[in-house]
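Student: One-letter residues, chain by chain:
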Amino acid sequence: MNTQFKRGVLELVVLLSISKEDMYGYQLVNKVSEVIDVNEGTIYPLLKRLTNEKYFDTYLKESNEGPPRKYYRLTALGVTYTNDLLKEWKKFVGQVDNFIKEEIEIE
Amino acid sequence: MNKQNFELYLREKLAILKENEVDEIINEYLQHIEMKKADGISEEKAISDFGDLDDLAIDILDAYKIDTKSDKFEDFSATIKFWLNKSLNYINNLTSSIMNRTGREIITLIVEFVVILIVIGLLTSVIDLFARNVSLVFYFRPYFITNIIRFFIKILKTILSLTVSLSVLYWFANVRILEAEQDFSLQKSFKEDQIKQNTKDIKNIDYIQPDQKPLKFKNKKDNKSTGKSFSKQLVAINILILKIIGFLILIPMIVGGVLLGIFFITFFYNTMLGFGSWGILLIVSGVSLIYFYLLIFGINLIGGSSK
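As given, the protein sequences belong to chains A and B, one line each in that order. Just so you know, we're using the working numbering here: the first sequence kicks off at 1 and counts up by one. Just so you know, we're using the working numbering here: the second sequence kicks off at 1 and counts up by one.
Be aware that a few hints might be false.
To be verified - Here are the in silico distance ranges between beta carbons for each label pair:
#, chain 1, residue 1, chain 2, residue 2, range
1, A, Glu21, B, Asn27, 18 to 24 Å
2, B, Asn2, A, Ser19, 34 to 40 Å
3, B, Tyr9, A, Lys6, 23 to 29 Å
Stated by the list, open to error - In silico lysine-lysine, DSS-like type, Cα no more than 27 Å apart, as pairs:
#, chain 1, residue 1, chain 2, residue 2
4, B, Lys37, A, Lys31
5, A, Lys70, B, Lys37
6, B, Lys37, A, Lys61
7, B, Lys18, A, Lys61
8, A, Lys31, B, Lys3
9, A, Lys70, B, Lys45
10, A, Lys87, B, Lys3
11, A, Lys70, B, Lys81
12, B, Lys45, A, Lys6
13, B, Lys18, A, Lys31
14, A, Lys20, B, Lys36
15, B, Lys18, B, Lys3
16, A, Lys6, B, Lys18
17, A, Lys70, B, Lys13
18, A, Lys54, B, Lys45
19, A, Lys61, B, Lys36
Source of the hints: derived by calculation from the structure; they are not laboratory data. Computed from a predicted model, the values in this text were never measured in an experiment. Every residue, glycine too, gets a C-beta built ideally from N, C-alpha and C.
Sequences and hints are given; from them, build the entire structure.
Tutor: Right, dumping it as structure tokens:
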């Protein structure tokens, strides 16, 4: 799949995954990898950026194996942002779809 | 690549960030590698799954853009830029609205400006006189206390004069130059509306009676309007050139005037008794401004009279 496509959707997929339940980094990487075949390295910087932009906040939680894990949680700002992004995405996809249909009809 | 090398490489690449932040990032990656290993994937494979480490570092630094932006120094320079932009815009508005006036309007403006400068000079000299008398009251032993009090009175006087002068100038610029300009533009837009309305009417007639006559009429009008717009373009270019020249002259003039004023204040402070030093500064810069307007005015007058 085209890497540019992936980059654009990645943010939305990450936001939607976390809106269901709080997750730690590795868990999220696995979840996202199910949908998009993405370079694992790119997800952590994205999480960092979304945290810096106050869409996420983080907390530490003890685990049975290994050191405590850093969990990501969606903030109120993050919820509105996710909804906006989802709307935008749907609109965008609809427009592109329509365009493709028209182009094919002409051919 | 093993874990140690991975950590060293990434640390070096992220050296710009704060140390605790780098630690946090590295820890998260190391945890990720550990979990991969627990799932039966080799360390090498886990690290190579991160892809190109240089790209990774760029992505991470990109995510921190916001953090570096909120740096104190960046904030400071951003505010300076903001205010510089704002004041430049203000000056731009002021000069462009002056440039839009006819010759006669500019003469009245100059006269008003001189009056305003005289008013400011009077106001500041009154403040000066008052401060002088007040500081004369404080004259007792030990003298160093007197001196300190007088020094503070001097500072207060300067601040007061500056505030008064600047607010009067600001008021003048806003009320006389910018608001008058708004009236002017209002009239202009009204006229444009009327013209639009007229053309609309003509079009309607055209639509109702698709004869030869109105069509001819329309063609004539079109020719005329294109000729007009061409001359308008010429005028616009002239005005643009005037504005550029104006800016090139205006800024050094004002700066020179202010510098000359400061020179007067520092070297003749004691001899300029009874006359506000800030008043002198404003008058000197005012004279340079008038000089500038006269320079432009000679050209503008011809344009005004040909109307």
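Student: Hint by hint, note whether the structure agrees.
Tutor: Cross-check of the supplied hints:
1. Glu21(A) - Asn27(B): 18 to 24 Å: holds (23 Å)
2. Asn2(B) - Ser19(A): 34 to 40 Å: holds (37 Å)
3. Tyr9(B) - Lys6(A): 23 to 29 Å: About 25 Å separates the Cβ atoms of Tyr9(B) and Lys6(A), which means 23 to 29 Å holds.
4. Lys37(B) - Lys31(A): holds (18 Å)
5. Lys70(A) - Lys37(B): holds (18 Å)
6. Lys37(B) - Lys61(A): It holds: about 21 Å lies between the C-alpha atoms, which stays within 27 Å.
7. Lys18(B) - Lys61(A): It holds: about 24 Å lies between the C-alpha atoms, which stays within 27 Å.
8. Lys31(A) - Lys3(B): Holds: Lys31(A) and Lys3(B) sit about 24 Å apart, inside 27 Å.
9. Lys70(A) - Lys45(B): holds (23 Å)
10. Lys87(A) - Lys3(B): At roughly 41 Å apart (the allowed maximum being 27 Å), Lys3(B) and Lys87(A) break the hint.
11. Lys70(A) - Lys81(B): violated (39 Å)
12. Lys45(B) - Lys6(A): holds (22 Å)
13. Lys18(B) - Lys31(A): Violated, at about 30 Å.
14. Lys20(A) - Lys36(B): holds (24 Å)
15. Lys18(B) - Lys3(B): holds (21 Å)
16. Lys6(A) - Lys18(B): Violated - the C-alpha atoms of Lys18(B) and Lys6(A) are around 30 Å apart, more than 27 Å.
17. Lys70(A) - Lys13(B): holds (23 Å)
18. Lys54(A) - Lys45(B): Answer violated: Lys54(A) to Lys45(B) is near 33 Å, above 27 Å.
19. Lys61(A) - Lys36(B): Holds, because 19 Å separates the two Cα atoms, which is no more than 27 Å.
Figure legend: structure checked against the earlier numbered hints; hints not met, in rising order: 10, 11, 13, 16, 18.
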